[in-house]
Amino acid sequence: MAIDVLIVDDSAAIRKILHRVLVQADVPLGRVIEAGDGLEALEALKTQNVGLILSDINMPNMDGLQFLSAVKSNDRIKDVPVIMVTTEGGSSKVMEAVNLGAIGYVRKPFTADQIKEKLAGII
Amino acid sequence: MMNGEHENRMHQEKLVGMIRTATHDVFGTMLGIELVDGKATVGQSAPEPIDGVVAIIGLAGRWVGTGTFSASAEGARRIASQMLMQEYAAVDDEVLDALGEITNMIVGNVKTLLEEEYGAMGLSIPTVIYGRNFTTRSVGRNEWVFVPFHCMDTTVEVHLCLIPGSENQQTARQTAILSMQ
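Top line first, the protein sequences correspond to chains A and B.
Read in order, the letters of the first sequence correspond to residues 1 to 123 in my numbering.
Read in order, the letters of the second sequence correspond to residues 124 to 304 in my numbering.
Note that these hints are calculated values from the structure, not bench results.
Check before you lean on any hint, since a few could be wrong.
[Unchecked claim] Restricting the straight-line Cα-Cα distance to at most 20 angstroms, the calculated cross-link-like pairs of lysine to aspartate or glutamate (DMTMM-like) are: (1) B:162 with B:266; (2) A:16 with B:210; (3) A:16 with A:26; (4) A:16 with B:216; (5) A:16 with B:217; (6) A:16 with B:266.
Turn these sequences into a full structure, and let the hints guide you.
What follows is the structure, given as structure tokens:
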């Protein structure tokens with residue numbers, strides 16, 4: 001069954017690259033929805049169901065950790081797997097994301113293979 | 124005094140090494156481009172007026188500062204084209220966004236290296252400026268390291284200023300002042 005994916009990143013360039021990687025990856029991909037920050041992403045999730053979320057951490061308005069926390073405290077979407085894709089390589093941020101419920105972490109810069117490898121473990 | 128100067132030089136050399144590591148990593152991984160190192164320098168003065176794109180990111184924590192990435196308009200187009208695998212005839216929003224993200228990754232990875240030594244730091248959202256014949260200046264008299272790289276027949280530069288936060292908090296609020304020439 002095809003899986004719909006939500007990409008959350010304030011950089012349109014990164015959203016475009018991740019979208020391309022998803023299309024190239026050997027996964028049953030459905031729709032790819034994009035959001036520029038956590039608030040936009042939560043708004044999108046009110047009306048659309050997704051099977052996977054890829055989220056940056058450092059974003060304006062609502063950052064990735066606040067967004068992750070909001071997802072995990074919402075009964076309807078709390079089980080959607082979330083992978084953080086971010087420059088925040090410090091262990092404190094990574095630990096915070098894991099403690100909040102992120103199931104994976106990819107550090108920017110990333111290769112297409114690193115994203116595909118992470119997806120393979122989930123989808 | 125000698126010890127202070129020596130420590131300062133060590134600090135700057137360390138910053139240059141971190142910037143080179145991070146910039147090579149970002150260009151190699153995201154663009155598939157091998158950079159050639161230029162000669163790094165240290166100074167207080169602002170760079171010469173440039174035509175092109177400058178992206179600026181603030182760092183805050185026990186140490187505070189600012190990192191910038193600059194490229195000519197032509198260089199910015201080539202970098203964005205390589206990163207996004209499509210040609211850009213002009214410096215548009217997508218090019219500026221790509222340059223902002225490149226800067227975010229470079230300074231973000233320098234930050235990760237710095238955190239091993241200086242503790243947790245925060246990173247601001249990048250500000251990207253595109254124009255002709257402009258200079259950027261920081262408020263204060265702190266030293267910057269200037270690290271150039273050569274690639275795709277152009278030169279790009281990463282600049283970083285980093286000082287202890289408790290001794291000079293104003294750099295945390297530092298904003299580039301633009302002076303149109």
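To see whether the hints hold, each was checked on the structure:
no. : hint             : in the structure
1   : B:162 with B:266 : holds, 16 angstroms
2   : A:16 with B:210  : holds, 14 angstroms
3   : A:16 with A:26   : holds, 18 angstroms
4   : A:16 with B:216  : holds, 13 angstroms
5   : A:16 with B:217  : holds, 10 angstroms
6   : A:16 with B:266  : violated, 37 angstroms
The structure does not agree with numbered hint 6 stated previously, though it agrees with all others.
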